[in-house]
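Listed below are the residues making up each chain.
Protein chains: 2
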Amino acid sequence: MSDNGSKQKKEHDSIAKEHLLGLTERLYNQFIDEVVPNVSLPSRTKANIEYSEKSDVWVYGDRESERSAKTVKGAFQLLKSAEAVDFLVNNHLDQGRGSTLRELYYISENWGIAKFREQPESDRLIEDLEIITGLQREYFHMRPEEDGATMFGPIKIREETKRGAREIHCQQDIGESGYQIPFNVENIEFLDHDAKFIIAIETGGMYARLIENGFDEKYNAILVHLKGQPARSTRRIIKRMNEELGIPVVVFTDGDPWSYRIYASIAYGAIKSAHLSEFMATPAAKFVGVQPSDIVEYELSTDKLTDKDIAALRSELSDPRFESDYWREQIQLQLDIRKKAEQQAFAGKGLDFVTDTYLPNRLGDMKII
Amino acid sequence: MSDNGSKQKKEHDSIAKEHLLGLTERLYNQFIDEVVPNVSLPSRTKANIEYSEKSDVWVYGDRESERSAKTVKGAFQLLKSAEAVDFLVNNHLDQGRGSTLRELYYISENWGIAKFREQPESDRLIEDLEIITGLQREYFHMRPEEDGATMFGPIKIREETKRGAREIHCQQDIGESGYQIPFNVENIEFLDHDAKFIIAIETGGMYARLIENGFDEKYNAILVHLKGQPARSTRRIIKRMNEELGIPVVVFTDGDPWSYRIYASIAYGAIKSAHLSEFMATPAAKFVGVQPSDIVEYELSTDKLTDKDIAALRSELSDPRFESDYWREQIQLQLDIRKKAEQQAFAGKGLDFVTDTYLPNRLGDMKII
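Listed in order, the protein sequences are those of chains B and S.
Going by the working numbering, the first residue of the first sequence is number 1, and it counts up by one from there.
Going by the working numbering, the first residue of the second sequence is number 1, and it counts up by one from there.
Please keep in mind that the hints were generated in silico from the structure rather than gathered at the bench.
Here the structure is a predicted model, which is why all the values come from computation and not from measurement.
Not one of these hints is a red herring.
Beta-carbon label-pair distances, calculated as ranges:
| hint | chain 1 | residue 1 | chain 2 | residue 2 | range |
| --- | --- | --- | --- | --- | --- |
| 1 | B | Lys-70 | S | Gly-228 | 41 to 47 Å |
| 2 | B | Asp-325 | S | Gly-112 | 38 to 44 Å |
| 3 | B | Gln-332 | S | Glu-244 | 55 to 61 Å |
| 4 | S | Ser-318 | B | Lys-286 | 52 to 58 Å |
| 5 | S | Gln-95 | B | Glu-167 | 31 to 37 Å |
| 6 | S | Ile-337 | B | Val-72 | 31 to 37 Å |
| 7 | S | Glu-323 | B | Leu-317 | 53 to 59 Å |
| 8 | B | Val-72 | S | Thr-357 | 33 to 39 Å |
| 9 | B | Glu-167 | S | Trp-111 | 45 to 51 Å |
| 10 | B | Leu-191 | S | Asp-194 | 26 to 32 Å |
| 11 | S | Lys-9 | B | Glu-167 | 24 to 30 Å |
| 12 | B | Asn-29 | S | Glu-297 | 42 to 48 Å |
All residues carry an ideal CB built from backbone N, CA and C; glycine is no exception.
If we strip away everything but chain B, and leave its shape as in the complex, we get (with noise of 0.2 Å):
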């Protein structure tokens, strides 16, 4: 059984190796056929996202741009991506190796002139790979400096590391924090579980407050602590869990206009990273709260909206992501009362009352449970 996890590390390994060999092979027969090497790819301009309502998340339109050796620029970039490929095949999937975007920064200074100038150059080129070889960097091994989530309820993994495949129950076999997702979860094999459902917290206040309440025991949850913006290993891990396993997810989190970004990043994709929308979003994800009628209905303590605040309600008045009704009342009621809540206002009515009252009727009314 634990073949699996090592059979398909080796089967996505094959798989990058072949596409970003497809790259340099493309070159490399354009100057066999004197034509001037070049490269394709969509146009990762904000004028160029759409949001697609076929698979109902954010993908990259039709505009493309080129990467020509006709200039200067573009023979710069075709070059670095060349010597990356040679980076990545040779010492990621050949000898098992990972870095960060960081490291691969300073590791081009080993590449003569087609040295990165500074990190951002780095980055971009990765995304340049990603979005031409049509797979997550994770495929290529490339590690981000911050964790994923930490998650807490009924399911049991294993988890393909260096030194063996571990096994670990995420209420059993872990400490009160819960369990540390890796950033790259294609190595999580799902074994068994029994949750109802997903619920996926911005806030690790809140998250501590289900753990303690016993809310996962009681409601088969699975608990996951999104950490603010979520990372896109938490992204992914609960597109997978959702659709391998068919557990519904809904998302929990403060009561502002970010908040409600942080949800739309789960459901739908999220601008930035929208080449990788079909692996990362989850359409399926519903949105708990904290709803501005929450604020009303249970007259919870507030603090003024900023004008920047109301600046981003606004902007999600025309935000293709919040176009249902629902999200034009809850964004309408919000700016007519001009308060936002954060999550752990709940606090005040007793720190039983989001596990025993709040989330009950939420997720009653909304058929999770």
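Assemble the complex: chain B is given as a structure, and chain S must be docked to it using the hints.
Relative to chain B, chain S alone:
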């Protein structure tokens, strides 16, 4: 054996209750004795921070400030303290619950006129209680928002959780991200270890690098990912491992003045929590790098110092925590070369350079290995 964990928990709860009720008892007795209720505690202004030669850490000096009911402001402070003690004793200690500082702010809605007007008031009150009782807020079951460190290495621990004890070996029983320490590291018991030293690491990328390169196995090192400026729980667990198990501690950060302060907060304490230095500082911790002399010796890829960097370095020249010949030389060198470098810059010399060459050289010179 698993009794030890819960036994210690009960002891801590008992001590906390005694100290907290000590405050309200004092106020009560003052009422009985017809003395205007008052409490004195060390002044928390910068002017009152002293560097204790004796214990090598930052502590508060002799200046005191008084909370007294002779003013309305003072009366309110004492009333809020009493409400907080009531809540902490009855909800946290007697019922085994916990809350975040944020939740406490909302809970005060139920205290009538004693309600907190803003979050910082709640934070300052808990700091007052820490100073008055001489106990870390973890003893009152106050939790922070942010996670502490993850760690990876040859040590086996037992974590006491509400759902029972968890025995976890920090290489064999965990995923690739490591063991996520809980917010209250008093709940951890050290069972066994094979560690020769602890290396506390600033960036996620370098932490992952050391894990991937098997540095923990090769040198019997416990790797601790500080996640930037370390949380209290992180500083506390490092101190405990150093003092209870006698394991040396080294700190490996980027080479810039902000990172030197990360080292200083581990070794000497932070100004903000000076009353807790004796709980959280590890005076025996040593600095590995990146040293300014390493930048020169290894010809690392650098960035120019900004004006803020330069100001911070100059400020450190008169900071008692950096008062040694070693630091003065290093800081002066950095001001001369006008450069800073990240720890991940070692990747420029190859993915294995930091673990094959730099760290063994440096730790050899420091007589750690």
